[in-house]
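Following the hints, position chain A against chain E.
Number of protein chains: 2
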Amino acid sequence: MSTIARQAFQPDPNCALIPQTVPLQLSGERFRIIYRLGGTEEEARARARDICLEQTVEFPDELVPTGPIRDHIIGRLEYFETRGEGVHQAAISFPVETTGDDLSQLLNVVMGNISLKPSIRADNLELPPSLLDRFRGPRFGRTGLRELTGAAQRPLVSTALKPMGLAQADLAELAYRFALGGIDLIKDDHGLTNQTFSRFEERLARCTEAVAQANRQTGMKSLYLPNVTASPAEMIRRARLAKQAGAGGLLVCPGICGLDAMRAVADDDATSLPIMAHPAFQGSFVVRPEEGFSHGLLFGLIARLAGADATIFPNFGGRFSFSRQQCREIAAAAEAPLGSLRSIFPAPAGGLTLSRVCEVQQVYGRELVILVGGGLFKHGPDLIENCRTFRKLAEQFY
Amino acid sequence: MSTIARQAFQPDPNCALIPQTVPLQLSGERFRIIYRLGGTEEEARARARDICLEQTVEFPDELVPTGPIRDHIIGRLEYFETRGEGVHQAAISFPVETTGDDLSQLLNVVMGNISLKPSIRADNLELPPSLLDRFRGPRFGRTGLRELTGAAQRPLVSTALKPMGLAQADLAELAYRFALGGIDLIKDDHGLTNQTFSRFEERLARCTEAVAQANRQTGMKSLYLPNVTASPAEMIRRARLAKQAGAGGLLVCPGICGLDAMRAVADDDATSLPIMAHPAFQGSFVVRPEEGFSHGLLFGLIARLAGADATIFPNFGGRFSFSRQQCREIAAAAEAPLGSLRSIFPAPAGGLTLSRVCEVQQVYGRELVILVGGGLFKHGPDLIENCRTFRKLAEQFY
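So the sequence lines, in the order shown, correspond to chains E and A. The opening residue of the first sequence carries number 0 in numbering that gives the first Met the number 0; numbering runs sequentially from there. The opening residue of the second sequence carries number 0 in numbering that gives the first Met the number 0; numbering runs sequentially from there.
It is worth saying that the hints were derived from the structure and are not from the lab. Keep in mind that the hints are not guaranteed to be accurate.
Since copy identity is lost for identical chains, a pair holds within one copy or between any two.
[What the hints assert, rightly or not] Cross-link-like lysine to aspartate or glutamate pairs, in silico, EDC-like; alpha carbons within 20 Å at most:
1) 391 to 358
2) 242 to 200
3) 377 to 49
4) 242 to 384
5) 116 to 289
6) 377 to 60
7) 377 to 61
8) 220 to 208
9) 377 to 42
10) 220 to 394
Chain E with its partners taken away, still in its complex shape:
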């Protein structure tokens, strides 16, 4: 073995088969993951012990050699509490070094292999500064989006270009009317990508120009956000094209492209556009309370780590199944202290109508993007007037 120093075999009382020739160096700094565990207390404690192994050494306990790997790499149960019938909470800490240098491996430690086991949900993350410092987070956040749109105090209003199948000229016409009506964030429907009936580059050019034209007429600052979700290289290419074309932001579905891929777009200095994150394909992580992630962790904290400036989620009481409490959790996580990472806007959506615009402001306050899609077409016979009504409803308290 030319390049590898052959080491004397070091027998170990626990497992003689694993060579350990170089001592492990760790900083001693750890981060914590709060898990919700199901089952009896005994089952839940077994799950907690299992997480400690499964997310690090992935080795049967009896095979882990004594020494620093056993003492420090393996997850450590920091506390365990029974919260109710079959519901327990455990905090487990891991060395910051296990997460390597990227979001991908952090996600892997949080929910890699154990995603395959029932009754384990990640509820929260407590990350020390040294780990948070590795993430730039949202490039714009609330402050940046307020500057870009000129909405100093009020909630931002947003809608989507749809339905899928509409010709480019018609999508641009819709974008134009939305912008004339004062919609701040006009995003592609997440189903519009690069189809024969709506090629990305043509849609980008037409809709960007349509919104710019309306802005010239109104003096307002509507932003057009094309959907750039695609394979990794294509997504970066489309994001840069969007910047060059003068688009105002981007729509990204991190459930499809990967959270770290969204982060790469957010961190790309050649793009530098605000990002609305769309929850498509992420539902299986939250649709059951027993597994996956808490709503706040996935759509709040993790969305921020992954660079979203606004996080779209289905509002309670609409055609999806999120509860009011789950939505509040997302809003709280969107602004909870997170090192130097910016606060982001919660963007409730999913069947909202203008009749609910007051209610959502009562629930979420003004740090909010209100996303009304189809509902905007239902309000009255004039789309531009409907948009103006929507905006007035968002301005009324400010």
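For chain A alone, kept in the frame of chain E given last:
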């Protein structure tokens, strides 16, 4: 509006607010998704209707204008059947054009927004040749991996470098012993990425050389597969480094990096290495039977579309919760006809021991990668001998 022809407003009896100036052109070709739906028959039928809208126009039914969008873009319920108490099956077809030109958008049509709604699971995909032709699929597949390893008939044997925290020299020493013992596929544990205790490039160099050295001694063809899961650009960079260094393949976790990102690595001509797909972070898609994907669809058909040559999953009866039937489904989907896409190896894992190697061959047959991790350390006091025993168990019937 300089670049956009302003069109006369075309009132429509269903919805006067949506401009439709250019007729939609579609090929007429459709693909089908088979869904499992929960609830009463009435509820399940409502879910099926909902999927038709939600996955395409994302518009309330009454707002969808008459004409080609209503007639063709919206999903079409092709059949509906009640299979049992609260279990129904529906086949819904969509125009191939809705999927755009990439895997990302195909996944979006299959399970985008509706992932956020309970009691909807995607069970299977029926893709016409025109859609399948867009995917290269596995670059090597079963035949390619058999050629690379020289295993003409028998199941391939595989193991993982671990535990996390081991020094590079020790990981290389393990790789060397595994290869001396005749392990075909020696992969990084999926938790090894680029950590201070195991930097990717150094691990790649050391383990590649260790396996090459063993191959020179034995005349066998063990392959080392480093884990390249990372952010998109870094993943491609690491994959190319792996090729340049002479590694034998790659380990990728598509649940973390995104399925289309794995496909991009598989399609990268500058890499051209076989891929083992690891199921980390994908558990929430399969851990409940009511939502997400069937095991065969996610770990079989979709893994093939995304370029995996072998698909790792937790075997039944181990420390995970997959059933024998679910594992059989994966194996079936790994070889079911799929246009010109290659068959791939099912790679059951997750707590397998040498005592179960005969049983897995009885269940899966010989078209199989048997992945034994920690179990290889338990069998006896000599790791190389344990590997030889493992390989003999895989050779015994051939």
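Hint check results:
Proximity of residue 391 and residue 358 under a CA criterion of 20 Å is satisfied intra-copy only: 14 Å inside one chain copy versus 69 Å between copies. For the identical chains of this complex, residue 242 and residue 200 are intra-copy neighbours only, at 12 Å inside a copy versus 34 Å across copies, given an alpha-carbon limit of 20 Å. For a Cα distance limit of 20 Å, the shortest separation of residue 377 from residue 49 across copies, 19 Å, qualifies, whereas the shortest one inside one copy, 52 Å, does not. With identical chains, the CA atoms of residue 242 and residue 384 are never at most 20 Å apart, being 30 Å at best within one copy and 59 Å at best between copies.
Taking the closest pair of Cα atoms, residue 116 and residue 289 come within 20 Å of each other both inside a single copy (10 Å) and across two copies (15 Å). In this homomeric assembly, residue 377 and residue 60 come within 20 Å of each other (Cα to Cα) only across copies, at 12 Å, whereas the closest approach inside a single copy is 60 Å. Proximity of residue 377 to residue 61 under the C-alpha cut-off of 20 Å is restricted to the inter-copy arrangement: shortest distance 9 Å between copies versus 64 Å within a copy. Proximity of residue 220 to residue 208 under the C-alpha cut-off of 20 Å is restricted to the intra-copy arrangement: shortest distance 13 Å within a copy versus 58 Å between copies.
Proximity of residue 377 and residue 42 under a CA criterion of 20 Å is satisfied in neither setting, with 51 Å inside one chain copy and 25 Å between copies. For the identical chains of this complex, residue 220 and residue 394 are intra-copy neighbours only, at 15 Å inside a copy versus 69 Å across copies, given an alpha-carbon limit of 20 Å.
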